[in-house]
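J.: Residues per chain, in single letters:
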Amino acid sequence: MRGLIIKDLLNLKKQGIFLGAFVIVYLFISIQMGDGAFFAGVLLIMCALMPMTAMSYDERVKWDRYALSMPISRADIVVGKYALGILLLAVALVASLLATFVVGDINFKDNMLSTIMIGGIGIAMMSVILPILFKVGVEKARYVIIAVFTAPVLAIFTLGKLVDNGRITISQLGQINYTLLAAGVIVALIALFVLSLLISLKIYSRKEF
Amino acid sequence: MDYILELKNVSKKYDGFALSDINIALPKGCIMGLIGENGAGKSTTIKMILDAINKDGGSISIFGQDNRDMPKRMWEDIGVVLDESCFPENLSMKEINTIMKNVYKQWDADLFRKYVNYFDLPEKKAMKDYSRGMKMKLGIAVALSHNAKLLILDEATSGLDPVVRDEMVEVFMDFIQDEEHSILMSSHITSDLEKACDYITFIHQGKILFSQGKDELLDKYGILKCAEEELRVIDEAAIVGVRKHKFGVDALVIRDKVRGNFIMDRADIEDIMLFQIKKDQSKEQ
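Just so you know, the protein sequences line up as chains W and Y, in that order. Numbering-wise (the working numbering), the first sequence opens with residue 2 and increments by one. Numbering-wise (the working numbering), the second sequence opens with residue 766 and increments by one.
Isolated chain Y, as found in the complex (with noise of 0.2 Å):
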């Protein structure tokens, strides 16, 4: 398959961190989601890819080049949202505007002020005086507007209301209806990747503890509802993870390792990290 985004191997070690193992590959025309805990890894992944920060090992290809030699017009082709907005405080939207120009030969203004309006972005006031999430949405119509083929977005959609969540789930859906287009998203609210994304990675203490399609996933898993006895006759294989109530247990199963008559509920993706990560901290004690 044509992988628009790939990395094999990557590692990098910091003082009392490491991530390591870090495998991804993101074919054309879909929306990866990178979900993790706070400091699980996501936005040095990111940064690795941005080349922003050296890896210690492994390799990063983009558009098939390693992301380390590729010619500057190959970064015209990618769009970036990071976590913390990086607009100069002292400059408006307009002259955003005109910086860009500047900067991406496939600037694209009309495109940008339709984005602009369309998210009632004010033209004149400097961007100290923005909110969060008015900088997020500049940070977006920016990433669209130069005719990025991917685009790279880390907790863009964090400091924005679930409204405007939406609406960029919905933007985000739009760009990859063509099919040469990919998005790589990282967020902590799970329910939008749930919404946009085709593959779901979760890294946990800098490793990939899995990286699939969504839907695979979702079949994968189940929540089981019992009482503690009950559970004790379902192969152990089948449990993920267990959190006991005063009425029973939940459990996190694999749907297919479970044998017997038993009601299960949809686990979302949410279930599927929380659960993962508790077994995890379990087996630590």
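Bound conformation, chain W alone (with noise of 0.2 Å):
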């Protein structure tokens, strides 16, 4: 499984590149605004994508079949993909909250949090993008990507209509026990996290090349 991630890693250098050149700007953006935040969100959220532009670069070459005749098992494949999204994720966690440090936002330990929720998502994406990328392909599977990138968003969206409506209060949001409610989202993360990676392989063991 070494062996796979370092050739995603190697295979997607070029996007480093470019995604170190996005680092700079963004960076450079939010030292301006003295705002960590959203500099970590783009970052995160565009790394959590990562093993989708892996896998469309295997799709194109058929790698899949070639791996197969590897001592490679299907579930290598399935798993690599998994644990190459985790490392680029850790790594733009980290990047994020040293951003922020530099940033010196006032709002230092509001932004680590709002960086770890970021994490979250991008996690949560991971989760309900890989089963149906294993599924159909990054091809077909590009509509779906569509949507559950428009979800989050919808969500807040929501969340906002509904403060600015008056039916939630901010004086609500208060009484929320944050503690009970950070551990049921972590909870629920790795709950969704590993049924994601059961139901890839599950997938993956009955795919033909």
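Rather than coming from a laboratory, the hints here were simulated on the basis of the structure.
For lysine-lysine, the following BS3-like pairs were computed, each having C-alpha atoms within a straight-line distance of at most 27 Å: (1) W:63 <-> Y:870; (2) W:63 <-> Y:893; (3) Y:960 <-> Y:1043; (4) W:208 <-> W:136.
Put the complex together from the two separate chains, hints included.
T.: Put into structure tokens, the structure is as follows:
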């Protein structure tokens, strides 16, 4: 599996250069704005989606068929893509936290929390997308993925509307037990991730190339 | 006998195409050629051997082990070149070396270097800038660089020029000098197979028409050139296929069954294949 992750990283190298340029530009903007969360948001989501890019490269040259003729199991290929996502997400998370620190935000604690939250959204997106990619391939999964992307935006938008309409008041939000909520979210995320991995393994074990 | 690869009654059904009763047995120290038209089922057979697609029935064993429950380390012993180059486009040959080092425990970087030098492959060029022939050579270099015992080659020589193809045949012949080694290679360039193979397996419309020793095959058949009237004298069971032309007929015949004094030419693998297919087509009409 190490070989597979190395393959993906080398193959994504060009994307990495692009990502590096992007990091510098956004870091600059963030410093100007004095807000690191924005930077973290875009970087984390981009990293969470790297497995998809890697899969589209694989698909183009029918890599999987070749890989299966090596001492690589079907499970290795699936777990490799999840590991790649987590690995890149972890790097992005560390980079984002560092950036928040560098930007010297007054709301350092808040921004740290929002960065971790965005990381969670990244994991959730990855968990939803990967089984679909393994099932139908990158080409066909495109529309589903657009939907997956829009979902969190819509959710935040709706929440905003509810606050605006007075259905949810700021004081109500204040009453939420955040420790409990955070714990719940973490458990739900882990469950979602594991479930996603199991579904992908199941799908891939029967796939033909 | 000890078979390195054995397929028994393997079958696979698609819409409008079915492979059935595929029986292949490849002994150690031998090269088997898989011939047939495009779409005859050669690649499908190879994909089933590699477990990239599921078979509907029958059994496939490699090194005496069912191919579906082979432990990972046994796949180390199989070198594969597929009809399409499967190397990710952004990678260079150097990077592929790094990857393979991490994939195969038995990876031999020195041997790999030797082959890529021999094939004259550029080190830093990305795969998307490699020509088809270069990719094929790289695939062959990879397949040969992890001490495999069995090579499975799907149209591995078809993108190469005659000179290189000839060199490849040499490389393959060299590979089977070790009595534990074998090769299964599909190709529609029958002349390559004729040079290299010990066994020829002919797949036609999803069925095996024959699978036997090459020399046996070449001894069995002959090409008879005569006038059409002369042909009528010959026992029909002896004639496999007939090709008419202006000056008479060419017929692929089974030598033993021809009585009388006829001049027969040697039939090559291509003749045998073409006449068999023709016979089949005329039967259908």
